[in-house]
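> Each chain is listed here by its residues.
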Amino acid sequence: MNVILLGGFLGSGKTNLLLSLARFLVDQEKLRKEAVVIVENEVGETGIDDRVLKNDGFNVRELLSGCVCCQVTGELVACINEIAEKNNPSWVVVEASGIALPDRILTVLIKRGNNIQLLKEIVIVDAQRWAELFDIVPQLVKPQVEKADILLINKIDLIDSRQLSAVEQSIRKLNSQALIRKVSAKSGVDQAIWQEVVAGG
Amino acid sequence: MGDPFMHPAIFSAATPISLEGEISGKGISTSLTQWIDGLQQWARTNGYLVGHIKVFIEGEQNLWLSATGGPVNLRPSTQWMEWAAKSFTLYMTAIVFGIDDRSLRSEVLNRFELWRQKLEKC
Chain A
1 MNVILLGGFL
11 GSGKTNLLLS
21 LARFLVDQEK
31 LRKEAVVIVE
41 NEVGETGIDD
51 RVLKNDGFNV
61 RELLSGCVCC
71 QVTGELVACI
81 NEIAEKNNPS
91 WVVVEASGIA
101 LPDRILTVLI
111 KRGNNIQLLK
121 EIVIVDAQRW
131 AELFDIVPQL
141 VKPQVEKADI
151 LLINKIDLID
161 SRQLSAVEQS
171 IRKLNSQALI
181 RKVSAKSGVD
191 QAIWQEVVAG
201 G
Chain R
1 MGDPFMHPAI
11 FSAATPISLE
21 GEISGKGIST
31 SLTQWIDGLQ
41 QWARTNGYLV
51 GHIKVFIEGE
61 QNLWLSATGG
71 PVNLRPSTQW
81 MEWAAKSFTL
91 YMTAIVFGID
101 DRSLRSEVLN
111 RFELWRQKLE
121 KC
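Sequences listed follow chains A and R, in order. All residue numbers for the first sequence refer to the working numbering, where the first residue is 1 and numbers rise by one. All residue numbers for the second sequence refer to the working numbering, where the first residue is 1 and numbers rise by one.
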């Protein structure tokens with residue numbers, strides 16, 4: 001079982017990119033949609049993203065309340081291990097809540113996850129809001145970016161090339177090691193990028 | 001008092017909506033876009049940071065609206081615009097920094113009630 005952990009701040013476009021990634025996995029490996037299980041963590045008492053994904057035909061498990069990193073990490077690991085035992089799908093894609101620190105979840109999954117052959121962490125950055133978020137909530141966005149292995153700078157259709165260059169430079173200062181790719185969920189993600197992200201890193 | 005931008009206020013709810021008459025998918029899209037815009041304007045005016053505002057309509061057709069302080073993004077199901085709705089379930093989540101849960105809940109519910117009353121008059 002391969003696990004991809006998708007993190008990134010609130011509104012960075014995680015759910016749209018997750019849909020794009022899940023469709024890519026189904027198409028690339030000629031899988032039935034059931035072979036890709038999505039685990040959704042949302043803050044609040046009522047989930048919305050899980051309904052969006054279910055309406056697209058995917059098998060979705062929901063973990064509500066708090067953020068994955070501090071409140072429901074144990075539940076997440078139990079959920080992943082249960083999926084491994086009962087379904088053993090080819091892929092599990094976990095969407096962390098927008099205020100979670102994906103690196104912490106990754107650490108717990110490495111220690112306690114069962115039957116995981118491949119574990120990848122992707123963090124999404126909202127190109128349009130990066131400067132504002134970095135200014136107002138640095139304590140939340142910086143740690144998400146600093147430890148990521150793969151960073152996708154999303155919403156590049158909403159800013160010009162000069163602004164994009166500034167965002168990339170700012171992110172590179174925080175994390176010079178990560179694989180960085182620029183995408184637009186709205187315009188569609190180049191399949192070669194998903195190929196690289198899934199296979200490499 | 002701690003940093004109000006350290007932890008966001010969160011409000012989420014689900015509510016069934018039943019109308020006496022029908023309303024078009026387009027009508028619902030327009031009115032909900034205005035509702036979200038109003039909430040975002042209120043947040044801006046008060047110096048809050050919108051983390052995310054999301055609404056999902058689930059009925060024979062469905063519609064997903066989301067915004068992070070700017071334009072509202074809409075993702076309708078294929079037949080949404082042709083749909084005339086009489087009953088559906090509305091899910092909403094608002095995550096805002098700089099305010100407490102109770103105040104956010106009160107503001108969202110007040111605005112939602114006004115939206116519902118307006119919808120029933122359509």
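Incorrect hints may appear among the rest.
Unchecked claim - Subject to a maximum C-alpha distance of 27 Å in a straight line, what follows is the list of computed DSS-like cross-link-like pairs (lysine-lysine):
#1 Lys-182(A) <-> Lys-147(A)
#2 Lys-54(A) <-> Lys-118(R)
#3 Lys-26(R) <-> Lys-186(A)
#4 Lys-30(A) <-> Lys-54(A)
#5 Lys-142(A) <-> Lys-86(A)
#6 Lys-54(A) <-> Lys-121(R)
#7 Lys-86(R) <-> Lys-26(R)
#8 Lys-33(A) <-> Lys-54(A)
#9 Lys-33(A) <-> Lys-120(A)
Unchecked claim - Coverage of chain R stretches by chain A, computed from C-beta distances (three or more under 8 Å per stretch; other residues unrestricted):
#10 59-67
#11 104-112
What the hints contain is simulated information worked out from the structure, not anything from laboratory work. A virtual CB, placed ideally from N, CA and C, is assigned to each residue, including glycine.
> Hint by hint, where does the structure go against what was stated? Just the numbers, ascending.
2, 5, 6 and 11
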